[in-house]
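Enquirer: For chain A, the structure is supplied; the task is to place chain B on it using the hints.
Residue numbers (this note's numbering), protein chains in the order written: chain A, 18 to 242; chain B, 27 to 140.
Worth flagging that the hints you see were computed from the coordinates, not collected in a lab.
Yeah, the Cβ is synthetic: ideal placement off N, Cα and C, and Gly gets one too.
One thing to keep in mind: the hints can contain errors.
To be verified - Listed next, the in silico EDC-like pairs over lysine to aspartate or glutamate satisfying Cα-Cα at most 20 Å (straight line):
| hint | chain 1 | residue 1 | chain 2 | residue 2 |
| --- | --- | --- | --- | --- |
| 1 | B | K127 | A | E164 |
| 2 | A | K202 | A | E180 |
| 3 | A | K202 | B | D112 |
Unchecked claim - Okay, the calculated bits of chain B under chain A, using three or more residues with CB under 8 Å as the criterion:
| hint | segment |
| --- | --- |
| 4 | 56-64 |
| 5 | 100-110 |
| 6 | 113-119 |
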Amino acid sequence: MRIAISKFHDAVHALKRGIGGLGLLSGLAVASLAAMPNLASAQTLASLPSVASTISTTGAARPISAWVTFCETYASECAVNVSEPATISLTPGVWNTIVSVNRRVNKSIRAVTDMDQLGMADRWDLAESGAGDCEDFQLLKRKLLAEAGLPRRAMRMTVVIDEKGEGHAVLTLITDRGDLILDNKTNSVLPWRQTGYTFIKRESQNAMAWVSLGRAASPVTTANR
Amino acid sequence: MTKLSRSPAALLLAAILPLCCTAPASALNSDVGALHASWRGCLHRNFDLQALVTSRTLAVESAVKSCRASEAAYLAALSTSPLVDDEDVSRVRPALIQRAKGWLLQKASGTRPL
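This is chain A alone, in the form it adopts within the complex (with noise of 0.2 Å):
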């Protein structure tokens, strides 16, 4: 299913519309709902775990060639502000928000890899043409959420191994509910330990660079999903 492009900017559009609108720092959770009344019926925030859960850091990590050049073509996207808080806060309207933000952006752009759309093996960027492969959803997600008003530096790029065995590029949230995974494999924001993933690395929270998240298996074996 190709999207046309002028669809994927209305919808993005309307997307900032919606999550603009509801003024996500004063935490206006009826009129995200009201908003976006098709979104919110799924998942609540009362069903993520009691305890939360992080993914340990281990050290320096070698940073990814394409995110590299991405941070040179889009510096506001990489950079660390380290006065920004480095947790989410998630209250009802801030979990509204990440849960139709994740949902939209699944919705709107074309899964397609970058070895079909561009030819080569691996770029990262915003997924401007309305089609992309994993970093690029995670990306936008991103920007979307932090023009919302969330901390960007609580929101990090993180690489995984997928249930086939690949690397695979998700978007973990730094949450005062433990560590959520935004994927576009699914709609559902995950608890890092119930994605199925064995964890590689992350962006720093404090520098433009990466972090290992050493042996971090989460225990769910959703090996096939």
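Expert: Showing chain B alone in chain A's frame:
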């Protein structure tokens, strides 16, 4: 072109060719996925055979040992895939082995005692 003028070009070509042909190619995710499936298939086949004659935990260990070649092929491809490098693979290998053992044990859980 004289023999003299061809010589530097030939030297240049000789210098470039080995570089182009020995540089590690970037593995596509589809290649990595296929090698992972192959490793997984090897593990399951070996496990199924070994589980007939020994305990499941021993069968798991035996399967992992028997499938080292396909494991190595998978990890080599993974280490040249776009998002993952050789350092990542070295660090995370124990977790990947552990995950594979989990699949095998899950598959057979309840059928035989550990």
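Enquirer: Next, verify each hint and record whether it holds.
Expert: Now for the hints, and whether the structure bears them out:
1. With a C-alpha separation of about 43 Å, the suggested pairing of B:K127 with A:E164 is violated against the 20 Å cut-off.
2. With a CA separation close to 11 Å, the supplied pair A:K202 and A:E180 stays within the 20 Å bound.
3. Taking the CA atoms of A:K202 and B:D112, the gap is near 26 Å; set against the 20 Å cutoff, the hint is violated.
4. Restraint check on the segment 56-64 of chain B versus chain A: 5 residues with Cβ-Cβ distances below 8 Å, three needed, restraint holds.
5. Restraint check on the segment 100-110 of chain B versus chain A: 6 residues with Cβ-Cβ distances below 8 Å, three needed, restraint holds.
6. With 4 residues carrying a beta carbon less than 8 Å from a beta carbon of chain A, the segment 113-119 of chain B meets the three-residue requirement, and the given coverage holds.
Violated hints for the displayed structure, listed by number in ascending order: 1, 3.
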